[in-house]
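Peer 1: Based on the sequences and whatever the hints tell you, model everything.
Those sequence lines, one after another, are chains D and V.
Its first residue numbered 1, the first sequence is counted upward by one per residue in our numbering.
Its first residue numbered 1, the second sequence is counted upward by one per residue in our numbering.
To be clear, the hints were calculated from the coordinates, so they are not data collected in a lab.
Incorrect hints may appear among the rest.
Claimed, not checked - Reference excerpt, derived from the structure (chain D facing chain V, CB under 7 Å, subset only):
{"hint": "1", "residue": "52"}
{"hint": "2", "residue": "54"}
{"hint": "3", "residue": "72"}
{"hint": "4", "residue": "78"}
{"hint": "5", "residue": "82"}
{"hint": "6", "residue": "84"}
{"hint": "7", "residue": "87"}
{"hint": "8", "residue": "88"}
{"hint": "9", "residue": "98"}
{"hint": "10", "residue": "101"}
{"hint": "11", "residue": "131"}
Stated by the list, open to error - Just a sample of chain D residues kept apart from chain V, beta carbon distances all over 12 Å, derived:
{"hint": "12", "residue": "14"}
{"hint": "13", "residue": "22"}
{"hint": "14", "residue": "209"}
Note that beta-carbon positions come from the ideal geometry of N, C-alpha and C, so glycine has one too.
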Amino acid sequence: MADARIVVKAAGKRFGSHQVFRNVGLAVGSREVVAIIGPSGCGKTTLLRAIDGLLPLTEGEVTIEGTPVAGPREGVAMVFQHFGLFPWKTVYQNVAYGLKLAGASAAVIAEKVPRFIELVGLTGFEHHYPYQISGGMQQRCGLARALAIEPRVLLMDEPFGAVDAQTREILQFELLRIWDMKPTTMVFVTHSIDEAVLMGDRIVVLKGRPASVHEVIAVDLARPRTRATLAEPRFVELRERVWGTLMAEARKAEFDVTQ
Amino acid sequence: MSDAQAIPAPGARRAGAAWRAPPLALKVVAGVALLALWEAIVRAFAPTYVARPSGIALVLFKVLADAQFRAAAGATLWAVAQGLGISLVAGTAVGFLMGRVAAVERGLRYYVFSLFATPMVAILPLVTLWFGYNADARLAVVVFASFFSIAINASDGARSVPPEYLEVARSFRARPLATLYDVVFPASLPYLFAGVRLAAGRALVGAVVAEFFISIPGLGYYILFNSRTFKHNEAFVAVIVLVAAGVGFEVLVRRLAQRYLPWARRA
Chain D
1 MADARIVVKA AGKRFGSHQV FRNVGLAVGS REVVAIIGPS GCGKTTLLRA IDGLLPLTEG
61 EVTIEGTPVA GPREGVAMVF QHFGLFPWKT VYQNVAYGLK LAGASAAVIA EKVPRFIELV
121 GLTGFEHHYP YQISGGMQQR CGLARALAIE PRVLLMDEPF GAVDAQTREI LQFELLRIWD
181 MKPTTMVFVT HSIDEAVLMG DRIVVLKGRP ASVHEVIAVD LARPRTRATL AEPRFVELRE
241 RVWGTLMAEA RKAEFDVTQ
Chain V
1 MSDAQAIPAP GARRAGAAWR APPLALKVVA GVALLALWEA IVRAFAPTYV ARPSGIALVL
61 FKVLADAQFR AAAGATLWAV AQGLGISLVA GTAVGFLMGR VAAVERGLRY YVFSLFATPM
121 VAILPLVTLW FGYNADARLA VVVFASFFSI AINASDGARS VPPEYLEVAR SFRARPLATL
181 YDVVFPASLP YLFAGVRLAA GRALVGAVVA EFFISIPGLG YYILFNSRTF KHNEAFVAVI
241 VLVAAGVGFE VLVRRLAQRY LPWARRA
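Peer 2: The structure is reproduced here in structure tokens:
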């Protein structure tokens, strides 16, 4: 891909003698959303951490904007499944955290933080602590914290995996709305097939032990995607296709376990 | 905001906790009964100089107004405050180093725990040899009594910072010093508060015991002197002041925790 912002080349990761994945190749365009899906333990999250520079790869390399990733870098932000909000900081202070570390001035922080709190729909909760708001609101806060540094690369690590089903759906459409306003490079790790189809321009299916890229499925659903997208025949078709790919593996895995 | 559901601020929760504390009337009744029992037993069986509630009540205000008593109370409490301050700063620093640097932890762990378990009374004679029979020796005992519980709690706190928080800090490119200030320190605060509460009690004991042994002006010495001169009621006023200081500090720390760490009980 000519305008690829993230390139993963022959990536492999081993923990001790356990090879999690190997020979993973991936390119993500500057205005593209790539969803990564795969069975538990296939290394989706590990791969995402490597892209963020939180973990070194054992083989291959990740480059972002042409330079190899050696550690967390400017312009890349991650949203965590565990939210990762600091309980001793208010919503406002949590959203300001990334900006503060990026060296933003007080004036910039005072301008941006309320703007991003509004963007995720948390206005009125600025001075609440995380324990005082619901899980869905906590992740809105986590999202605002990542967006506030106006990243060129957004890494989503099963961001809605810890919230209930209804909230999850609401947050998916909120995220789509926000992304449509300012499309950027996004890698979205999920174990939900619906979510992968709804979010992704392409879906990368990781499979096998050790895992590698089994299939890349292009999602040709028009944007902006809304609730109506879920009812499109093409959505259902794509979902079935991903399901079929994954389930063959899942059955085998279950069979392995029962042996 | 259909997923928006705010939980009320911490203050609003107090009503639910009320039933656990006995009602005020019960506390007063129990207190009066205990005092009456004390009074009755002393009157029936003990010599007149033995402290009893009515005797203490009679001398209470005279003693509290006495310049010498005030100086003694000031000296003891000031030594405790100074010692706690020193232990808090030094103990937090050493504890954080132990909590975040594995080599420091491995090197110091057994010594810190051994010294924590050492009865401070046992080292008193040595302290007087090192510092002389003066206020410095008392301060040293107070620091010795309080330092290790703060260091141990600080290291426990620093070690048990949830890795998710550290991961977030790394992802947002926090420098180690910023992470110490933004993440490790606040995450350790509940442990530090627990350490300070424990340390305050030990510091008070340390100051009083040091005064018993060293015979320098202070509440401990005041108690000793008045006991030996059969002024038990006066001695008991000093005991009350010490108890009040201990309880007062406990309440203060708890209030501070409620005010500044409302998240700590739920995190």
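Peer 1: It remains to establish, for every hint, whether it holds in the given structure.
Peer 2: Cross-check of the supplied hints:
| no. | hint | result |
| --- | --- | --- |
| 1 | 52 | holds, 6 Å |
| 2 | 54 | holds, 6 Å |
| 3 | 72 | holds, 5 Å |
| 4 | 78 | holds, 5 Å |
| 5 | 82 | holds, 5 Å |
| 6 | 84 | holds, 4 Å |
| 7 | 87 | holds, 4 Å |
| 8 | 88 | holds, 4 Å |
| 9 | 98 | holds, 5 Å |
| 10 | 101 | holds, 5 Å |
| 11 | 131 | holds, 4 Å |
| 12 | 14 | holds, 20 Å |
| 13 | 22 | holds, 24 Å |
| 14 | 209 | holds, 26 Å |
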